[in-house]
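Q: These are the residues of each chain, in order.
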Amino acid sequence: MKIALLGGSPKPNGGSSAIILEALRASFAGAAEISAASLLRDGPQASLPPLYGAAAWVLAAPLYVDSLPSHVIRFLEETGEFFERPENASAPRPRLYAIVNCGFYEARQNALAIAALKLFAERSAFPWGRALGIGAGALWERFSPGSWFTRGAAGALAELARDALALAGGEDLFVTANMPRLLYYWGANRSWRALAREKGLKPDALRRAPYS
Amino acid sequence: MKLIVHDLGPEGALALAAKTEGIFSLFDARPPARPCLGCFRCWTETPGICVIADRARDFAPRLARATELWVISRLVFGGLAPEVKAILDRSIGYILPFFRIEAGLTRHVPRYGASLSLAYYFLAEDATAPERELARQLARANGRNLGAREAKVVFFPRWEELLARWDEL
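These protein sequence lines are chains A and B, in that order.
First residue of the first sequence? That's 1 in the working numbering, and the numbers climb one at a time after it.
First residue of the second sequence? That's 1 in the working numbering, and the numbers climb one at a time after it.
Keep in mind the hints are simulated off the structure, nothing from the lab.
Note that CB positions come from ideal geometry on N, CA and C, so glycine has one too.
Be careful, since some hints might not be right.
[Stated by the list, open to error] Now the stretches of chain A that chain B is said to cover, found in silico as 3 or more residues with beta-carbon under 8 Å:
(1) 70 to 84
(2) 101 to 109
(3) 199 to 209
This is chain A alone, in the form it adopts within the complex (with noise of 0.2 Å):
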């Protein structure tokens, strides 16, 4: 069976989307032949055919402003115009797996992306599969997916992968990282300034309003 991997994330090394799929491409090896596209890298009339033919298709997106990032949903929406196509509208669509994670630490703050990935299921007619929502998803690029604080999800992430090599559904999953909300905001809260010490900026340069 040929799944394939959707990365999500315009950060060039993929970021946590990246690293989640990395950990999902591990749990299938042996099991399936895998292929990967990076939505924004590639774009959709690069990726679609090495995509094309999969059973399921994988795609693993960071949250941005409450939904889906602009490529990918420009990905989908030229995606369903390919299929919508005379010669393509019969062709066999793959079931289709998703996996958001967000910044905030409620994972459930990830469904309305996740609920606008089902609503193109739909309306393209590919079968749905199953979604994992995940919060404090920066958490993935800091640990390893075995990690005590990412250990939820990345036990979600097997469900998931269980699912999709047998081209199973279920309920949608929403799991959060392994620690306190409050000791998340703390370790947010100060890796922004470190990263702004490291730009030469002072910390309370960081609510600068440049435009008031």
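Please arrange chain B on chain A, whose structure you already have, making use of the hints.
A: Frame of chain A, contents of chain B only:
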């Protein structure tokens, strides 16, 4: 200042400009701007200013000074069209990276003091009920994150109907 971001084509954009002259500042989301790269440099390196040098960067100064933001967009999968979404994605410098809790959910802290009034006008000839419902939820969520007082949502089949009912909005 009242600000509109829209994805109307050339004809619709001209008609909108005629309708709003002297009242609204208009920002055309077409041709498409480059997408946000998730670099967060608008939060950590040039606070409040996107580092990608294209026309989308001109939206943030206008948003910062706006009291009302009207978003006119094709309805795509219950949300914004990619052209309009790219402009909003590129404007996260409007808020701070820091977190706060509001109604039990994490939100970003506002960068600018003034509260915004939001209105979404979605264009779709064949919108389904779930697509409309998701659009309403998205507007509410955007409103909360942008610190808006309200987030109005209205659907029209085409821009012609939107402009025909402009005085009622």
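Q: Checking C-beta pairs, does the stretch 70 to 84 of chain A have three or more residues closer than 8 Å to chain B?
A: holds (count 6)
Q: Does the stretch 199 to 209 of chain A contain three or more residues whose Cβ lies closer than 8 Å to a Cβ of chain B?
A: Answer holds; 7 residues pass the 8 Å Cβ test.
Q: Checking C-beta pairs, does the stretch 101 to 109 of chain A have three or more residues closer than 8 Å to chain B?
A: Result for this restraint: holds, n = 4.
The structure is consistent with each of the numbered hints, conforming to all of them.
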